[in-house]
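Here the protein sequences line up with chains A and B, keeping their order. The UniProt record's numbering puts the first residue of the first sequence at 1, with every later residue one more than the last. The UniProt record's numbering puts the first residue of the second sequence at 1, with every later residue one more than the last.
In case anyone wonders, no lab produced these hints; they're calculated from the structure. Keep in mind the model is a prediction, meaning the values are calculated, not measured. Treat the hints with care, as some may be off.
Copies of the same chain are indistinguishable here, so a pair counts whether it falls within one copy or spans any two.
Cut-off 20 Å, straight-line C-alpha distance, at most; resulting in silico cross-link-like pairs (SDA-like, lysine to any residue) [as the list claims (entries may be wrong)]:
hint	residue 1	residue 2
1	Lys56	Arg72
2	Lys231	Arg348
3	Lys56	Gly18
4	Lys56	Gly249
5	Lys56	Asp441
6	Lys231	Ala303
7	Lys231	Asp210
8	Lys231	Leu344
9	Lys231	Pro343
10	Lys231	Asn221
11	Lys231	Ala351
12	Lys56	Arg438
13	Lys231	Gln340
14	Lys231	Gln307
15	Lys56	His262
16	Lys56	Arg6
17	Lys231	Arg6
18	Lys231	Gly475
19	Lys231	Pro352
20	Lys231	Ala288
21	Lys231	Arg347
22	Lys231	Glu297
23	Lys56	Phe336
Here is how the chains run, residue by residue.
Protein chains: 2
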Amino acid sequence: MPAVNRADLDFMLFDWLGAERLTALPRFAGQSAEDYRAFLDLAERLAENEFLPTWKPSDSAEPALGADGEVRLHPGVRDAVRAYLDAGLQLATVDEAHGGMQLPITVGTAAMACIMAANIAASGFPMLSQANARVIAAYGTPRQIELFARPQHEGAALGTMCLSEPEAGSSLGDITTRARPAGADEAGRRFRLTGRKMWISGAGQDITPDTIHLVLAKIENDDGTLPAGTKGISLFLVPRLLPEIAPGGSGPNDLAIAGLNHKMGYRGISNCLLNLGEGTRHRPGGEAGALGWLVGEPGQGLAIMFQMMNEARINVGLGAAALAWRGYLLSRDYAFERRQGRPLEDRRAPAPVPLVRHPDVRRMLLAQKAIAEGALALCLYTARLADLAATAGTEEERSRAHARLDLLTPVTKSWPSEFGLEANHMAIQVHGGYGYTRDFDVEQLYRDNRLNPIHEGTTGIQGLDLLRRKIMGDGGAALAALLEEVRATADRAAAGPGAALAPGLRDAAGALEQAARSATGAADPVMPLAHATAFLHAAGHVVVAWLLTDMALVAGAPEGRLWAARHFHDTELPRVAAWLAPLGAGSRAALDAPDGAL
Amino acid sequence: MPAVNRADLDFMLFDWLGAERLTALPRFAGQSAEDYRAFLDLAERLAENEFLPTWKPSDSAEPALGADGEVRLHPGVRDAVRAYLDAGLQLATVDEAHGGMQLPITVGTAAMACIMAANIAASGFPMLSQANARVIAAYGTPRQIELFARPQHEGAALGTMCLSEPEAGSSLGDITTRARPAGADEAGRRFRLTGRKMWISGAGQDITPDTIHLVLAKIENDDGTLPAGTKGISLFLVPRLLPEIAPGGSGPNDLAIAGLNHKMGYRGISNCLLNLGEGTRHRPGGEAGALGWLVGEPGQGLAIMFQMMNEARINVGLGAAALAWRGYLLSRDYAFERRQGRPLEDRRAPAPVPLVRHPDVRRMLLAQKAIAEGALALCLYTARLADLAATAGTEEERSRAHARLDLLTPVTKSWPSEFGLEANHMAIQVHGGYGYTRDFDVEQLYRDNRLNPIHEGTTGIQGLDLLRRKIMGDGGAALAALLEEVRATADRAAAGPGAALAPGLRDAAGALEQAARSATGAADPVMPLAHATAFLHAAGHVVVAWLLTDMALVAGAPEGRLWAARHFHDTELPRVAAWLAPLGAGSRAALDAPDGAL
Numbered sequence: 001m002p003a004v005n006r007a008d009l010d011f012m013l014f015d016w017l018g019a020e021r022l023t024a025l026p027r028f029a030g031q032s033a034e035d036y037r038a039f040l041d042l043a044e045r046l047a048e049n050e051f052l053p054t055w056k057p058s059d060s061a062e063p064a065l066g067a068d069g070e071v072r073l074h075p076g077v078r079d080a081v082r083a084y085l086d087a088g089l090q091l092a093t094v095d096e097a098h099g100g101m102q103l104p105i106t107v108g109t110a111a112m113a114c115i116m117a118a119n120i121a122a123s124g125f126p127m128l129s130q131a132n133a134r135v136i137a138a139y140g141t142p143r144q145i146e147l148f149a150r151p152q153h154e155g156a157a158l159g160t161m162c163l164s165e166p167e168a169g170s171s172l173g174d175i176t177t178r179a180r181p182a183g184a185d186e187a188g189r190r191f192r193l194t195g196r197k198m199w200i201s202g203a204g205q206d207i208t209p210d211t212i213h214l215v216l217a218k219i220e221n222d223d224g225t226l227p228a229g230t231k232g233i234s235l236f237l238v239p240r241l242l243p244e245i246a247p248g249g250s251g252p253n254d255l256a257i258a259g260l261n262h263k264m265g266y267r268g269i270s271n272c273l274l275n276l277g278e279g280t281r282h283r284p285g286g287e288a289g290a291l292g293w294l295v296g297e298p299g300q301g302l303a304i305m306f307q308m309m310n311e312a313r314i315n316v317g318l319g320a321a322a323l324a325w326r327g328y329l330l331s332r333d334y335a336f337e338r339r340q341g342r343p344l345e346d347r348r349a350p351a352p353v354p355l356v357r358h359p360d361v362r363r364m365l366l367a368q369k370a371i372a373e374g375a376l377a378l379c380l381y382t383a384r385l386a387d388l389a390a391t392a393g394t395e396e397e398r399s400r401a402h403a404r405l406d407l408l409t410p411v412t413k414s415w416p417s418e419f420g421l422e423a424n425h426m427a428i429q430v431h432g433g434y435g436y437t438r439d440f441d442v443e444q445l446y447r448d449n450r451l452n453p454i455h456e457g458t459t460g461i462q463g464l465d466l467l468r469r470k471i472m473g474d475g476g477a478a479l480a481a482l483l484e485e486v487r488a489t490a491d492r493a494a495a496g497p498g499a500a501l502a503p504g505l506r507d508a509a510g511a512l513e514q515a516a517r518s519a520t521g522a523a524d525p526v527m528p529l530a531h532a533t534a535f536l537h538a539a540g541h542v543v544v545a546w547l548l549t550d551m552a553l554v555a556g557a558p559e560g561r562l563w564a565a566r567h568f569h570d571t572e573l574p575r576v577a578a579w580l581a582p583l584g585a586g587s588r589a590a591l592d593a594p595d596g597a598l
Numbered sequence: 001m002p003a004v005n006r007a008d009l010d011f012m013l014f015d016w017l018g019a020e021r022l023t024a025l026p027r028f029a030g031q032s033a034e035d036y037r038a039f040l041d042l043a044e045r046l047a048e049n050e051f052l053p054t055w056k057p058s059d060s061a062e063p064a065l066g067a068d069g070e071v072r073l074h075p076g077v078r079d080a081v082r083a084y085l086d087a088g089l090q091l092a093t094v095d096e097a098h099g100g101m102q103l104p105i106t107v108g109t110a111a112m113a114c115i116m117a118a119n120i121a122a123s124g125f126p127m128l129s130q131a132n133a134r135v136i137a138a139y140g141t142p143r144q145i146e147l148f149a150r151p152q153h154e155g156a157a158l159g160t161m162c163l164s165e166p167e168a169g170s171s172l173g174d175i176t177t178r179a180r181p182a183g184a185d186e187a188g189r190r191f192r193l194t195g196r197k198m199w200i201s202g203a204g205q206d207i208t209p210d211t212i213h214l215v216l217a218k219i220e221n222d223d224g225t226l227p228a229g230t231k232g233i234s235l236f237l238v239p240r241l242l243p244e245i246a247p248g249g250s251g252p253n254d255l256a257i258a259g260l261n262h263k264m265g266y267r268g269i270s271n272c273l274l275n276l277g278e279g280t281r282h283r284p285g286g287e288a289g290a291l292g293w294l295v296g297e298p299g300q301g302l303a304i305m306f307q308m309m310n311e312a313r314i315n316v317g318l319g320a321a322a323l324a325w326r327g328y329l330l331s332r333d334y335a336f337e338r339r340q341g342r343p344l345e346d347r348r349a350p351a352p353v354p355l356v357r358h359p360d361v362r363r364m365l366l367a368q369k370a371i372a373e374g375a376l377a378l379c380l381y382t383a384r385l386a387d388l389a390a391t392a393g394t395e396e397e398r399s400r401a402h403a404r405l406d407l408l409t410p411v412t413k414s415w416p417s418e419f420g421l422e423a424n425h426m427a428i429q430v431h432g433g434y435g436y437t438r439d440f441d442v443e444q445l446y447r448d449n450r451l452n453p454i455h456e457g458t459t460g461i462q463g464l465d466l467l468r469r470k471i472m473g474d475g476g477a478a479l480a481a482l483l484e485e486v487r488a489t490a491d492r493a494a495a496g497p498g499a500a501l502a503p504g505l506r507d508a509a510g511a512l513e514q515a516a517r518s519a520t521g522a523a524d525p526v527m528p529l530a531h532a533t534a535f536l537h538a539a540g541h542v543v544v545a546w547l548l549t550d551m552a553l554v555a556g557a558p559e560g561r562l563w564a565a566r567h568f569h570d571t572e573l574p575r576v577a578a579w580l581a582p583l584g585a586g587s588r589a590a591l592d593a594p595d596g597a598l
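Could you build the full structure based on these sequences and the hints that come with them?
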């Protein structure tokens, strides 16, 4: 069966979000809904024909590091990503000035959802590369763009993001990768980098000749020390293959894949320990140190990298949503086909009935549907915010979209990751014992999805980002603006067939607002932060309930939309109060329990 | 590090449950707490020295089916189980009359927890065998006991349970394995069985020469049809190797492993498709059909098998609890060792602090502790009920214990399975990216534990068992008796340092009672059953909150007990109301949504 349901996607994109209205903006002038549909057709074909067939094989034969230090991917993954690049999908949202299609991010995101549903691991190569090239296009010098973004646009290189180190995962201020000045050329200031980068997806790959690494490192002080904290971090372009302008000319850069991580799932993409400047394999220009070109100014590294990080965070949520979606579709089909047991109301029925006749199975299908469609809607909505933040007609609209995007990024990253995994858990349950075997797809969906609450900032980090920076940081203004829209949707619902949804939505919004107020006003600012993860889940549930309601209110929406919204309101919205209760009560158990009690 | 924390286990077993008081019962006369500790020492040594070292290796090299039709286990698993049998642990709870130690089930369960924490998959062999032999001892003829239980007691055979078929998983009334009368002998009535059994753990193994299968099948009617429904099910003893008394004498029985299931985890134990009576490999006595001896009377099969099923259900919960426990211990150690980030209250601290300094990490440790210790307590409490139901001094005590055991079995099976998995999810989160790699143990714990909400009856089935049979079936009497004890514990808590726990516990008990009442009184009995899984979770949370409180009130309890109880009360008990809300509101979304809306 197909990995996605295009009718669902088209409903969200066109009927609900009105993607075609974006064509009224100057950046998208001359484009049409037909263009967008044609682009999605292309993505869907690639997903089904190239990415899906290699999803399972590349799980059992993960990337290997050869004795020559080169990484060998599963050939199917190589071919699928090659087909993607050859079809030019990486150009979807790139400026026309750089040879791109200049499509809305909203449309590019919908297309990426198709690829991710088919093969989340393989999708990582183009996803990271697109985000990498976008950073270079935004912050690089013209020559940097030509040397390092253009090959990615043309499909001759793929890009990575190199932030973490073995001893600095979530805590980037502690990185120790070191950059020493090494002259300058037409592409900018050169440095020689030494250090070790961990968790680098796509760093070792045999799809394209070159790999462009965006590396965070610290420029060493005159006395050889490194500047402390995140303000000392700078950003460097470190290609695997040096361009002609490098000292010593073109050739391999001084970097090496020192190891591969062996993961529970998500195995189609290499995840590497990358050593910079060991000097054992290559010494460009005769000196040790991987050659890199500074992007932006010294000390701006983290600020610039956050553009890529935020894009990647939204894409993590998107991947989790896509896996939830596919699990939902698979378990739905299974539940309609597989016969087992008798209906509760007629236990002496002569023959087994399809699983879907059992209320608990129906519950798990509706719950998955709500999670999958809600998560996907959240990601597409966020993607449209990214479009509007960059291209809306007025400064005020842009800044409003930007504030909303900022507020929602941690939610869009984490909500699909946590609840998409719950959805995949239910997809397995619907399959019974078969769901636990590798003969069915749902077990791999579950293993793949387990990464999403971790990478690009764990759920705990997202909770802190939301509550500390995005809410306590602005006194709750961005949240208040959001909840105003939530209430407006509740008002619209109250007047129609969704009337039953209105009170719960209003209550949940009120509870969230109240919790934000008590967090902002707390005497001890650490206490609320001990409940940041619970707050994050509660916020996500309110936002998703809002989006599900909003979609159900679209004229002509498929009837399942209203049922999924209703089920989510009945069974999931009550959790909001449960998550917020300990914050409201000022629970300090996790803070006050002595170490010996843990 | 060790797989278990003996101090925790001993606290629960002796300080809280007072296992030594069981020695006052005639069955355990002459035994002492020292005997129990010595037995646990033995189990702990076997767990650490034999079972733990082979846990990871047997995950990557799962059982294989040779061209000769024989299953090859990982040699480490073979050796570990062999060591267990050689040490005689399978005799723990067996009657002295049958050569056993006649220890309390409570003690045997605690010992099994150690083995399970070290290697859940390998533990399946002795766990199933012990339950199998107990059924034979209880329902078999003396000659059956001698032929089929004794070899298991002596370590010369292992036992399995064969219920499901490819087309009949949860729905046993639909099995089609057929039994034809084939004479009788000193061991009872003989039958020839033909059919296919699915999900048979341990059916193919090379640890002991023989395997004793307890097989559900239907005795065919004179016209060759099979009786309908569960009342037509009978139970048969089908050994892999026929005894001398069989027609044609000793030799292989007519059964074959037709395939192995390839699982997400839990890979150390074979899980087989078992074909009976294909006649291709063996034809005992010249005729096709696996020879089996009837246990009990025709049509009693399911009733007898439920003894084994219920024991296995409790052991599933125990395994899930053990995995949660080990994940908790591993992530706790990691959080104290690994340094990362700055404390929330001093973000400019000069050096990274241990993970345990971060409130969200402390939250995840306390939450895991509460789940792991709560789940383990639940299993040990249930095991003591099994002891009391069989051996308490008065009929009234036995019947009270029996009613409680019946009520709690679905909770004991499912609560640790669902929330132990949540605990393992948190254990991974504490490890960050490392937790997702196979270099650390927590990812395998998570994969292993994912089976537990499925086998021996899915969580959905347990929910129906609890709400329909155990609560609506007796008008809520067993639940009322339980909640009376919960309230008594709340009263005791109110008078001491656990005073803060009392109101929440009372509220949650009240909410559960109210929900049970509205379920029992519902006009449409199907509506409440659509919320059976949510009710099951709510009931489990109330029971676990009660047990955590009860343990915290033990004089001299480790201080962590009270903190874990407090944290669970603050953060988890509010979920009870959320789970029960849709039942209370009579939500019918899952029932009324048309198929097209799913």
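### Task
Could you work out which earlier hints the structure fails to respect and list their numbers in ascending sequence?
Result: hints 3, 4, 7, 16, 17, 18, 20, 23 break, sorted rising.
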